[in-house]
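Engineer: The residues making up each chain are set out below.
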Amino acid sequence: MSMNTQGRPTGTGSAAAAATGSSLLPDEPLLFEIGDTEHSGVDLPEVTVGDDFLGGFRRETPLDLPGLTEPEAMRHYVRLSRLNYSIDSGMYPLGSCTMKHNPRLNEKLARLPGFADIHPLQPVSTVQGALAMMDELAHWLMTLTNTAAVALTPKAGAHGEMCGMMAIRAAHAARGQGHRNVVLVPESAHGTNPATAAFLGYAVRAIPARADGTVDAEAVKAALDPDVAAIMLTNPNTCGLFEPQIIDIARAVHEAGAYFYCDGANFNAIMGVVRPGDLGIDAMHINLHKTFSTPHGGGGPGAGPVVLSAALAPFAPVPFVRKGEGPLALVEHAEGHHLGRITAFNGQMGMYVRALTYMLSHGGDGLAQAARDAVLNANYVKARLGQVFSVPFAAAGPCMHEALFDDSFLEGTGVTTLDFAKALIDEGFHPMTMYFPLVVHGAMLVEPTESESRQTLDQFCDVMLDLAKDARAGNAPRFTSAPTRAPRRRLDETRAARQPRLKWERPDPLPQAAE
Amino acid sequence: MRYLPHSPAERADMLAVIGAASPEALFAAVPAAARLAKPLDLPAHSPEFLVEAHMKALAARNHAAADGPFFVGAGAYRHHVPATVDHLIQRSEWLTAYTPYQPEVSQGTLQMLFEFQTQVAHLTGMEVANASMYDGSTATAEAVLMARRLTRKDKVILSGGLHPHYRDVVSTYLDNSESLIRLPASPEGQGDILNQIDDDTAAIVIQTPDVFGHLRDVEKAAEAIHAKGGLLVVVVTEVVSLGLLEAPGALGADIVVCEGQSIGNALNFGGPYVGLMATRKDFIRQMPGRLCGETVDADGKRGFVLTLSTREQHIRREKATSNICTNSGLCALAFSIHLGLLGEAGLTRLARLNHARAVALAKALRAVPGVELLNNSFFNEMTIRLPVPAAPVVELLAKAGILAGVPVSRLVPDDPKVENLVVLAATELTTDADIEMLADCLKEALQ
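Protein chains in written order, with the numbering used here: chain A, 378 to 892; chain B, 360 to 806.
No wet-lab data here; the hints were simulated from the structure. C-beta: ideal position from N, C-alpha, C; glycine also. Hints should not be assumed to be uniformly reliable.
[To be verified] 30 Å max Cα-Cα, derived DSBU-like pairs, lysine-lysine:
| # | chain 1 | residue 1 | chain 2 | residue 2 |
| --- | --- | --- | --- | --- |
| 1 | B | 758 | B | 802 |
| 2 | B | 660 | B | 678 |
| 3 | B | 722 | B | 758 |
| 4 | A | 485 | B | 758 |
| 5 | B | 640 | B | 722 |
| 6 | B | 512 | A | 700 |
| 7 | A | 700 | B | 678 |
| 8 | B | 415 | B | 758 |
| 9 | A | 598 | B | 512 |
| 10 | B | 776 | B | 512 |
| 11 | A | 485 | B | 415 |
| 12 | B | 722 | B | 660 |
| 13 | A | 700 | B | 722 |
| 14 | B | 512 | B | 397 |
| 15 | B | 758 | B | 579 |
| 16 | B | 722 | B | 678 |
| 17 | B | 587 | B | 678 |
| 18 | B | 776 | B | 802 |
[Said to hold, decoys possible] To give a feel for the contact side, a few chain A residues facing chain B, derived at Cβ under 8 Å:
| # | residue |
| --- | --- |
| 19 | 598 |
| 20 | 599 |
| 21 | 600 |
| 22 | 603 |
| 23 | 650 |
| 24 | 676 |
| 25 | 827 |
| 26 | 863 |
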């Protein structure tokens, strides 16, 4: 039987229980292998409770939850954390993800008791500051986009898409156009776009991309018919390009009686520089966790407020803040055309505080400069790498905030986009987005964001160029065996899917030796 | 600008490398009509101390739960979160990591999710759990959709004890479909939900403890729905209750969804929270959301990856089980650390303590003339009937610094049957002095 670092047994026969790494990068056993059901890191008084009010439902099934004392917990989670890459430790050039710096002032202010320690159902008279904060955030979002309203409550980008598309569905129903059952989605769209349309019962009609990576207004016009409810278009698009015909597309969509949903995942390229409302959009979600610096947290929580045009504003979901004479009101029950709730309470309040803090820090001028720097950085990477890496849509001119490459520079090397990305890990960088957008073969989408200094961009470009040279020099094993310097080498995903092990199982006890 | 590394000279150098004449040249593709003629009418950038002062002034206009006696619950609960939890989740490697799509450099997040899934499975008594959802309400809507996919039936019955906001969310997700039966909110009992089950019923959704605090008979509901070939969705909004009350999985639940906020997460005016979803092993391919699974790396070492992604939007696009993309990673981490600190021993003690505080609260409320306690059973929350409409009383007590619970009329407007009702919660943070002050002020307000 092995022992944990505190000398407690860790269960029998577990292959992973022993720490085999160095003290700087240890392998950490599972919580279930180091804790036990007796230990606890929380001191609480012991009380006995009778059965009078328990209705006969007292728990008999063991919880079987291991506990750790505080020092053990600290070590477990600190050690685990060190197996992660993070923005604070290095550049995260993930296209479409906008991995920018997360200011710590945001974290500090989100924890003020006046924001963190208030309940969504306490009297509205006791949360006037919270409603004012939400109203101020709404003002910034509407001003930056030139739109009439914003639904703050969506919990994430995909949830915002769902909310915006529900508003579109409701608007059609209110106009007697409920039969419209088709949504146009360009092939370059994020997966969430077609998924959202289908989730709401729409048929998805794909719009092919033009040879230059943008959407053809004529192709959209050809696809528009009386069954079309909306188009879902990303701008700047997922190839990193501003859609040059977007105003024409919006006009055609509106003339056909449909609405224009814009995926705002790439808003970071244009905030403070271009207002989507001026392009003719009807709804657009804004990922506060991308554009407005709230942390990604290893996969959420995000926040996806949706701005709405005047045509869609009456269809926003409840709850929302209403300004009038006197105190701010919270409208909690749908009246008129308003959608019902899409989440139980007021959305991602903690993220609102962080996003507004970020906006106030940058100011309108700073946000525009951040967008310009994001675009500058992407074009700088494209310029430095473009001689060696293949740029699929070079003719389109400058890119926006992300630079797209394809895998033709790897032809004949035996190295795939995936191999190349994994080799980047060994050089200390997180890989770029791979194989997306789907319209490009072996895509590599690099989004440096405005947070990276020129020095870091140069280091990244030097590494990229060195890797490309090595791949073309025939050193395929450096790539196919990568990564070798990460906490793990490549993981067997097929095995994980074929024989799913989705939770820890107590190992079978070893046979007891005869006494 | 403190967040932007470039100096003007560096910007100019970089433009030269690019071969662009000006910063504006990079925006050449933007139609002229869409370019802003002048800067937006927004405040200019601001030093840290001024931003802090502005936000603190807004925060100061709110009555924080810690400012006085506090009895508000109804789906979000004020519990103590150990300092260790908040310290750990602010570590750079947790806070500023992306979704673990590159497993070789994301083993921290992935192993944590694997531990989280195991914790949720054990807590709910189910075979598998996913890596979390946005919150309890959206998880409930997703559970309903999942049950419809699994049974290939349409009709879904929501119990009258389900949190009214959750009912609204399910209705919105289902576009107020006629196949969705919403039983009226009833403080007295489960209503006739079991009689409404027929062969077309995909699922019934019951909450326990329900929104009025009553404990519900999960086993009986499971028998009734299973007899007709449907599924039982059990909702738990106060997840600490599972430290004292029987696991829904042991009573026949097919899908269990919980609001996990109570463990590790602050009230935050409603979010971010963390939805838990657990189910039977056979149903995993219809379960929405991320799943983490165990595997090995090229050297045979144990490791973890996101798995069964063929259910998800980034692979399946319009054929995905849901459009959900993210989970609630950092809130799930807070949940997992807090539960890892508690362990079975701590959670059991915490749950008992909550119940004991609620028993003390019930006793004090019953002694107030004119107050009627409606519950025969509860965990840490209960409903009382006042002789007068409740909302003005709650408002009056708020003026005296006591947040006395949720008037049911706020959740279910325009229903005279619930106008006089208040839902109140007690937790380990509720003191005898708090309860005494509430009872005294309530007595005074009702005189």
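Engineer: Which hints from the list above does the structure break, by number from lowest to highest?
Structural biologist: Failing hints, ascending: 2, 5, 6, 7, 9, 10, 12, 13, 14, 15, 16, 19, 20, 21 and 22.
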